[in-house]
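There are 2 protein chains.
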Amino acid sequence: MTQQETRPGRGRGRRPLEQVRAEVLDAAAELLITEGYAGFTIEKVALRSGASRVTLYKYWPSRGALALDAYLHQTGDRIAFRDTGDIGADLATVLLGFTELMGLPDQHRAFTQLVGAAQSDPELARAFDSHYFGPRRIEAVNLLRAAIERGQIRPDTDPATVVDLLWGACYQRLLLPNLTGTLTDDFIHTLVATVMRGIAN
Amino acid sequence: MTQQETRPGRGRGRRPLEQVRAEVLDAAAELLITEGYAGFTIEKVALRSGASRVTLYKYWPSRGALALDAYLHQTGDRIAFRDTGDIGADLATVLLGFTELMGLPDQHRAFTQLVGAAQSDPELARAFDSHYFGPRRIEAVNLLRAAIERGQIRPDTDPATVVDLLWGACYQRLLLPNLTGTLTDDFIHTLVATVMRGIAN
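Chains as they are written, first to last, in my numbering: chain A, 1 to 201; chain B, 1001 to 1201.
Treat each hint with caution, since some may be false.
Only pairs whose alpha carbons sit at most 25 Å apart, straight line, appear in this in silico SDA-like list of lysine to any residue [as the list claims (entries may be wrong)]:
#: 1; chain 1: A; residue 1: Lys-44; chain 2: B; residue 2: Ala-1022
#: 2; chain 1: A; residue 1: Lys-58; chain 2: A; residue 2: Gly-36
#: 3; chain 1: A; residue 1: Lys-44; chain 2: A; residue 2: Val-54
#: 4; chain 1: B; residue 1: Lys-1044; chain 2: A; residue 2: Lys-44
#: 5; chain 1: B; residue 1: Lys-1044; chain 2: B; residue 2: Ala-1022
#: 6; chain 1: A; residue 1: Lys-44; chain 2: B; residue 2: Asp-1086
#: 7; chain 1: B; residue 1: Lys-1044; chain 2: A; residue 2: Asp-121
#: 8; chain 1: B; residue 1: Lys-1044; chain 2: B; residue 2: Tyr-1059
With beta-carbon atoms standing in for the labels, derived distance ranges [what the hints assert, rightly or not]:
#: 9; chain 1: A; residue 1: Pro-122; chain 2: B; residue 2: Thr-1041; range: 39 to 45 Å
#: 10; chain 1: B; residue 1: Ser-1120; chain 2: A; residue 2: Arg-154; range: 38 to 44 Å
#: 11; chain 1: B; residue 1: Pro-1155; chain 2: A; residue 2: Leu-47; range: 58 to 64 Å
#: 12; chain 1: B; residue 1: Val-1054; chain 2: A; residue 2: Leu-101; range: 28 to 34 Å
#: 13; chain 1: A; residue 1: Arg-154; chain 2: B; residue 2: Arg-1053; range: 22 to 28 Å
#: 14; chain 1: A; residue 1: Gly-85; chain 2: B; residue 2: Asn-1142; range: 39 to 45 Å
Some residues of chain B that are not near chain A, with every Cβ distance over 10 Å (derived) [to be verified]:
#: 15; residue: Glu-1018
#: 16; residue: Arg-1021
#: 17; residue: Asp-1026
#: 18; residue: Ile-1079
#: 19; residue: Asp-1086
#: 20; residue: Gly-1097
#: 21; residue: Asp-1129
#: 22; residue: Pro-1155
#: 23; residue: Gly-1181
Quick caveat, the hints were computed from the structure, so don't treat them as lab data. Here a beta-carbon is modelled for each residue, glycine too, at the ideal position from N, C-alpha and C.
Generate coordinates for the entire structure from the input sequences, incorporating the hints supplied.
Following this line, the structure appears as structure tokens:
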């Protein structure tokens, strides 16, 4: 009997897979947000969630992949894309949601440390690609394509370049040491207005 | 007598300070470029340069500060700003220089690992701020201000936002895992054209 199995109702095999997964992600998210990625270990997640390390490594290939999954688990739909038919407003909404999230110091620390670690952790970089940056980029490009089709945006606009302009500017203000604190609502409004002036029909 | 002082002409105190500094930076740059920041240690720089660890820590407060200084030492004027009076061309020139540098795998690895490490290394972050991002941002803002004064750019343009648009888009393509290889000359031309369309008079 493992240590986990002596705890009532928390033993391996007693909980349905989905419940275990949700409990692990809750515990991992709490750890990531309170201690940052620097203090995030598989061991601590095992201890907090009651799942064994074997179980954790079975579903998450690495510490980085689990941390990213936990991060996304707790952001929920706070940075979800919506298409209301007004491309300028929709871009501002999603960027303001991201700005609000990054205004919370614990969220800011967790996200920037994860992005930083991905620069030298190929496993985490792949997880970021497939679970966050990749899908979100596709959503943003589709939003811009729909606006081109509606005639709101010049037909010769390159949606990928516009995504890089908008999100690149935000990540720059988020990640560069000398720009800490400059990712503000005012900046988002100026940013979207400047880009819209270049691409609006 | 330390080990260094037994080497003819390489002992502490026998070389003028500027020469020691240049030799340390040459050795450190070579180490950074060949092994990346992951393999970069003060010990290895001491061994390669013949300077003692005490000397190194006297002039560079940390491993990160020395690595960044070494990185900038070897980039030289390949990414220098120039004001020819044509803001669109000047922005393209400096961004194409950066793109060319980042097209070299060793340079790319050194720079992205340094930026990544700065996310959890406050000492390195401060060095980046005072020696790289801070001064370069001021140069770019001044370039845009001069263009506003010449009437090339709309007077209501916010230079800081334009800097974030241009460099942010480039850093996004450089640093995000799913965009590896997309920081190309073609991208720079589309980027500058899109931004110029939004700000040109």
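Okay, the hints, checked on the actual structure:
Note on Lys-44(A) and Ala-1022(B): the hinted pairing is violated, with a Cα-Cα distance of about 46 Å set against a maximum of 25 Å. For the hint linking Lys-58(A) to Gly-36(A), the alpha-carbon distance of about 23 Å falls within 25 Å, and the restraint holds. In summary, the hint linking Lys-44(A) to Val-54(A) is supported, as the alpha carbons are separated by about 13 Å, within the 25 Å threshold. This hinted pair does not check out: Lys-1044(B) and Lys-44(A) have alpha carbons roughly 34 Å apart, beyond 25 Å.
For the hint pairing Lys-1044(B) with Ala-1022(B), the CA-to-CA distance comes to about 16 Å; that is within 25 Å, so the pair holds. For the suggested pair Lys-44(A) and Asp-1086(B), the alpha carbons sit about 57 Å apart, so the restraint of at most 25 Å is broken. Restraint check: the Cα-Cα separation between Lys-1044(B) and Asp-121(A) comes to about 23 Å, which is no more than 25 Å; the hinted pair holds. Proximity of Lys-1044(B) to Tyr-1059(B) is assessed by CA-CA distance (about 16 Å); at most 25 Å being required, the pair is judged to hold.
In this structure the supplied range 39 to 45 Å is violated for Pro-122(A) paired with Thr-1041(B), their Cβ-Cβ distance being about 22 Å. In this structure the hint that Ser-1120(B) and Arg-154(A) lie 38 to 44 Å apart at CB holds, the actual value being about 41 Å. At about 60 Å, the beta-carbon gap between Pro-1155(B) and Leu-47(A) stays in the expected band of 58 to 64 Å. Take Val-1054(B) and Leu-101(A): their Cβ atoms lie about 45 Å apart, and the range 28 to 34 Å is violated.
Separation of Arg-154(A) from Arg-1053(B) is about 59 Å and departs from the stated range, judged on CB atoms against 22 to 28 Å. Range check, Gly-85(A) to Asn-1142(B): Cβ separation about 41 Å, and the 39 to 45 Å hint holds. The non-interface label for Glu-1018(B) is consistent with chain A: the shortest C-beta to C-beta separation is roughly 28 Å, beyond 10 Å. Under the 10 Å C-beta cut-off, the non-interface status given to Arg-1021(B) relative to chain A holds; the minimum distance is some 24 Å.
Its beta-carbon lying about 24 Å from the closest one in chain A, Asp-1026(B) satisfies the requirement of being farther than 10 Å from that chain. With a minimum CB-CB distance of about 16 Å to chain A, Ile-1079(B) clears the 10 Å threshold, and the non-interface call stands. Every CB of chain A lies more than 10 Å from the CB of Asp-1086(B), the least distance being 19 Å, so the non-interface label holds. Every CB of chain A is more than 10 Å from the CB of Gly-1097(B) (nearest about 18 Å), matching its label as outside the interface.
The beta carbon of Asp-1129(B) sits about 4 Å from the closest Cβ of chain A, which is not more than 10 Å, so the claim that it is off the interface is violated. The Cβ of Pro-1155(B) lies farther than 10 Å from every Cβ of chain A, with a closest approach of about 14 Å, so its non-interface assignment holds. For Gly-1181(B), the shortest C-beta to C-beta distance to chain A comes to about 13 Å, beyond the 10 Å cut-off, and the non-interface label holds.
In terms of the numbered hints stated before, the structure departs from hints 1, 4, 6, 9, 12, 13, 21, listed from lowest to highest.
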